[in-house]
Amino acid sequence: GESVGLHLPTLSVQEGDNSIINCAYSNSASDYFIWYKQESGKGPQFIIDIRSNMDKRQGQRVTVLLNKTVKHLSLQIAATQPGDSAVYFCAENLYNQGGKLIFGQGTELSVKP
Amino acid sequence: DAGVIQSPRHEVTEMGQEVTLRCKPISGHNSLFWYRQTMMRGLELLIYFNNNVPIDDSGMPEDRFSAKMPNASFSTLKIQPSEPRDSAVYFCASSSQYGYTFGSGTRLTVV
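In the order they appear, the protein sequences are chains V and X. Going by my numbering, the first sequence opens with residue 1287, and the numbers climb by one from there. Going by my numbering, the second sequence opens with residue 12, and the numbers climb by one from there.
Hints listed in this document are in silico derivations from the structure and should not be mistaken for laboratory results. Every value quoted in this text rests on a predicted model; they were computed, and no experiment measured them. Glycine included, C-beta positions come from ideal geometry on N, C-alpha and C. Hints should not be assumed to be uniformly reliable.
As a list, the in silico BS3-like pairs of lysine-lysine whose alpha-carbon atoms are at most 30 Å apart [stated by the list, open to error]:
hint: 1; chain 1: V; residue 1: K1354; chain 2: V; residue 2: K1323
hint: 2; chain 1: V; residue 1: K1323; chain 2: X; residue 2: K79
hint: 3; chain 1: V; residue 1: K1398; chain 2: V; residue 2: K1323
hint: 4; chain 1: V; residue 1: K1323; chain 2: X; residue 2: K89
hint: 5; chain 1: V; residue 1: K1328; chain 2: X; residue 2: K79
If you want a taste of the chain V side facing chain X, the calculated C-beta under 7 Å gives, among others [unchecked claim]:
hint: 6; residue: Y1318
hint: 7; residue: G1329
hint: 8; residue: P1330
hint: 9; residue: K1386
hint: 10; residue: Q1391
Here chain X stands alone, though its shape is the one from the complex (with noise of 0.2 Å):
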């Protein structure tokens, strides 16, 4: 089992232009969060979904944030246009009955 597969590992970007984050999350796993932790905030909730249906979306700070989940096997966090406020690592994790498993999240840095 590869666990939860995040895509890039880093990625910079220059203020204004769409990040797309990836996340594969484990096959058979019906739950998918998207997290984001800075310094000064910790970890926080974004976003979550149950079997593909996005269930709570409190998180997500504005209307520039958007996920989307098409399939049981992967989902995205878009964010249109980026601040360099949103610098921060973007932690996908999947979950089952039996517990979470997190990825190795992607390191935003926008400038």
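Bound conformation, chain V alone (with noise of 0.2 Å):
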């Protein structure tokens, strides 16, 4: 079956230190993934996606890397800041069913000062 899971539910870093939060999936069909973040009495909010034609994806402070060959996915966070505190989720976007966003667990990203 189709499932996107987490292997830890929370993570604990130091300000300033990296962050990798990382996402399982099962469905080896899939070939858009989106990392989002939610914070506390929010809505998720998107931080980058990944295609299956890549293996990485850059944007500001934060990676995407993509190993299709185990179906493992991971969002790195570059010099962690407080404001980073959130939970994170990845996400299988099913273009195939319309669209609809199919979430994982979700990690808590607690950052300390």
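From the two separate chains plus the hints, produce the assembled complex.
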């Protein structure tokens, strides 16, 4: 079946360190993935996306890596800041099902000053 | 652009009462999604519309739940009758070819 899940439910890092959040998916036909950030009391906010024809994509302080061989996705945040504290979700965008998003369980990132 | 607008932000109701959640998508977005978020089950897709037409309602938990989209600028999610296990945060999202935008959600508490 289809599922998107996260390896670690919580992650605590020191301010200034790099953070790595992991995600596994099971549908080998998935071709588009998105990372979202959700702060308390708010809806999920788009961070970065990647298509299956790419292995890596970089944004501002964030990098997403895709390993299709082991069906693994990661989000790297450089120089983590207190404002990065939030829950991070990976999501699988099912284009062949009308573009609906299937979310993983989420990882809570806590940044210590 | 005001983004996706949901109302109310918070709703507390008694078991058995009817609850209506509202959503105004971003103008020009042709798809609208209703999600429910709980600690136990995470973010679950309930139903989505494309060009105001319901496409997939397989995530709607029971017949107590219904959703409508009478026009491109408005959608409702109704629960009748409500039960304590319906307590959750309900998110509306709209999308175009350029991506998704979520609303701030409605926190529903059924007592």
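Taking the hints in turn, this is what the structure says about them:
1. Between K1354/V and K1323/V the alpha-carbon distance is near 23 Å, which keeps this suggested pair within the 30 Å criterion.
2. Between the alpha carbons of K1323/V and K79/X the distance comes to roughly 28 Å, so the proposed pair stays at or under 30 Å and holds.
3. Between the alpha carbons of K1398/V and K1323/V the distance comes to roughly 18 Å, so the proposed pair stays at or under 30 Å and holds.
4. Restraint check: the Cα-Cα separation between K1323/V and K89/X comes to about 28 Å, which is no more than 30 Å; the hinted pair holds.
5. For the suggested pair K1328/V and K79/X, the alpha carbons sit about 24 Å apart, so the restraint of at most 30 Å is met.
6. The restraint placing Y1318/V at the interface with chain X is violated, with a minimum CB-CB distance near 11 Å, outside the 7 Å limit.
7. Because the smallest distance between the Cβ of G1329/V and any Cβ of chain X comes to about 3 Å, under 7 Å, the interface hint for this residue holds.
8. Contact between P1330/V and chain X, as hinted, is supported at the beta carbon level, the nearest pair being about 5 Å apart and thus within 7 Å.
9. The restraint placing K1386/V at the interface with chain X holds, with a minimum CB-CB distance near 5 Å, inside the 7 Å limit.
10. Residue-level restraint check for Q1391/V holds (minimum Cβ-Cβ distance to chain X is 5 Å; threshold 7 Å).
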